[in-house]
Amino acid sequence: MADATTVTPGRAHARPGAAPTPPRRRFVPSYARRDQLTGYLFVAPQVLGITLFVLLPLGLIVWYSFHEWNVLAGTFRWVGLENFEKLVTDPKLAPVMQATAVFSIGLVVFNLALALLLAVLLNRKVRGMTFFRTVFFSPVVVSLVAWTIVWSFLLQDNGGINGILQLVGIDGPNWLREGPTAMASVIVVQVFKNVGLNMVLFLAALQGVPQEVQEAARMDGASDRQLFWRITVPLISPTILLTSIITIVGSLQVFAQIAVLTQGGPGISTTVLVYYLVQQAFDFHHFGYGSTLAILLFGIVLVLTIAQWQLRKRWVFYEN
Amino acid sequence: MAVTVPPETSADARAGRPVGRRRPVGSPWRKVLFYGALSVLAVPFVFPTWWMFTSSLKPISEIFAFPPELWPSNPTLEGYVGAFTEQPFALQYWNSMYIAVLVTLGTMLFSSMAGYAFARIRFPGQDLLFLVVLTGLLIPSEVTIVPLFQLFNSWGMIDTHWPLILVTTFGAPSVLATFIMRQYFITLPVELEEAGRIDGLGRWRIYWSIALPLSRSALAAVAIFTFLNVWNLYLEPTVYLQTPELFTLPQALTRYTDAYGGEMWNIQLAAATLTALPVLIVFVFAQKQFVEGLAQTGLKG
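Keeping their order, the protein sequence lines are chains A and B. At position 154 of the first sequence (counting the first as 1) the number is 154 in this note's numbering, and the numbers step up by one without a gap. At position 298 of the second sequence (counting the first as 1) the number is 298 in this note's numbering, and the numbers step up by one without a gap.
Simulated from the structure, these hints should not be mistaken for laboratory data. For clarity, every value in this text was computed on a predicted model and none was experimentally measured. Don't take every hint at face value.
[Claimed, not checked] With beta-carbon atoms standing in for the labels, derived distance ranges:
#, chain 1, residue 1, chain 2, residue 2, range
1, A, Arg177, B, Pro59, 22 to 28 Å
2, A, Glu212, B, Ser27, 25 to 31 Å
3, A, Val88, B, Leu128, 53 to 59 Å
4, A, Glu82, B, Trp94, 54 to 60 Å
5, B, Asp258, A, Asp157, 16 to 22 Å
6, B, Phe64, A, Ile170, 17 to 23 Å
A virtual CB, placed ideally from N, CA and C, is assigned to each residue, including glycine.
The whole structure should be built from the sequences, with the hints applied where relevant.
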């Protein structure tokens, strides 16, 4: 795109009395100038949208975070770094960050492992693979809240899961009302909802593994297990990186599942950062502190994205 | 997963059959094991949807019956009637539908225009503007929800559909679409456009009548994920909307409670079924496009 700068927009037209244009500009075809204008017009809606709905709000949360702003009481006053001090001393912050970390790590590990297992199982030339692919993918298209509502119904104390467990003589826990099972339930529900996406990406990657490499490894007497860990996994590592970034960043945004399944409870055991942010801003009406939490969330996303980008050179074996 | 037997592949090769990328499963015994494992794994993926549908047909007294029934013994449409009488459900359905369609069409148009310009037209400041647009990929919408609420509040747009439509069409959610379209337009041969230019077509015509029709598969992927994304929005409508007549479906689904705040399960499950059904039906018929389209985009968790 470097040559774009050599083509200066129609200045000669804009200023009739200006100094004569240098000769080389005379050869700029008129369509190139019209082209530039078209280019600006084409990108204008999106650029304006991002400026108005992303960049401006981003500046505003910084501004808000220096204020104590209680919408209900109608107060809006400059408090300097008070919100950030509140953040550091907030007794809830540690458990919230812990819940966020547990949720994200659990989700990524379980999601990627299951997605890879499903993809390896489905990567075969036998009948019925399309059917099973459809089955594993189908929750992705089921409306998120509908899916979560069914699970909250199934996971109740007297719900379907415990009903089935009772058939085999197990007295199941009240899944969503007890600390450890509540977090595990939220993770599991979310994994089954979205694992189909990662599965599809892994399937596409597996089909890109060159047949000759596998054959060669087999000739050398590699077992299935060796073939998988030494050949397949390194070759699909770019996809593993991609899916892990998507899944981690996505896990930091999970809100509806928490809101419908546990409302952050029991206690605050499933209150992840996004849920806490929304709670502070819209339930407790602390917009200033909510903005401070938003800055924290943004910081985490930024650090994770940059870190993974840097790390990719180390643990991605092959990239085109 | 030692389910495959290596000699099978070479047997294929010896018999002159093409050696496929995917390895076949071996003996019949292994086949049973293989399909058995797949079927067991499929249960948590299918069961909730099945349970949602069958329970929506049960009278409230049967919903918590023990042992649980896989098919209602006295099917009733009570829940479905309730869904429409407890809330303005038809209206909420319409809200979700028209917003999703409008945003999908808008995103297809504006993102393909921006993607085309970033891929094919050269103009000063292009790289900077592209960088500006890409920031939308980095920032989760939850980060900006507080200031966005304030902005729309100051414009008198709270409790209207405007925030939902404007932010999703022009804001962060549309950036991925622009990126996908740009990547796709880059791969189109320039010669096709040059032919158009020789015929005297302007940029708009080249984009609209040449480039756009050639990018149908990318547009389809953009359409699918945009529609799903908007159809599923939950946080945004709960923040922006207060009047039940303006609610969208995900938001409405959680509001089927009795006077004591208890869930009316049969009604809730009937409404959930009605919400999931249209997309599921389309998916069953067009699953290849869905799966490949989303694999192509490779993003959006």
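The hints, checked one at a time:
no., hint, result
1, A:Arg177 x B:Pro59: 22 to 28 Å, "holds, 26 Å"
2, A:Glu212 x B:Ser27: 25 to 31 Å, "holds, 26 Å"
3, A:Val88 x B:Leu128: 53 to 59 Å, "violated, 36 Å"
4, A:Glu82 x B:Trp94: 54 to 60 Å, "violated, 46 Å"
5, B:Asp258 x A:Asp157: 16 to 22 Å, "holds, 19 Å"
6, B:Phe64 x A:Ile170: 17 to 23 Å, "holds, 18 Å"
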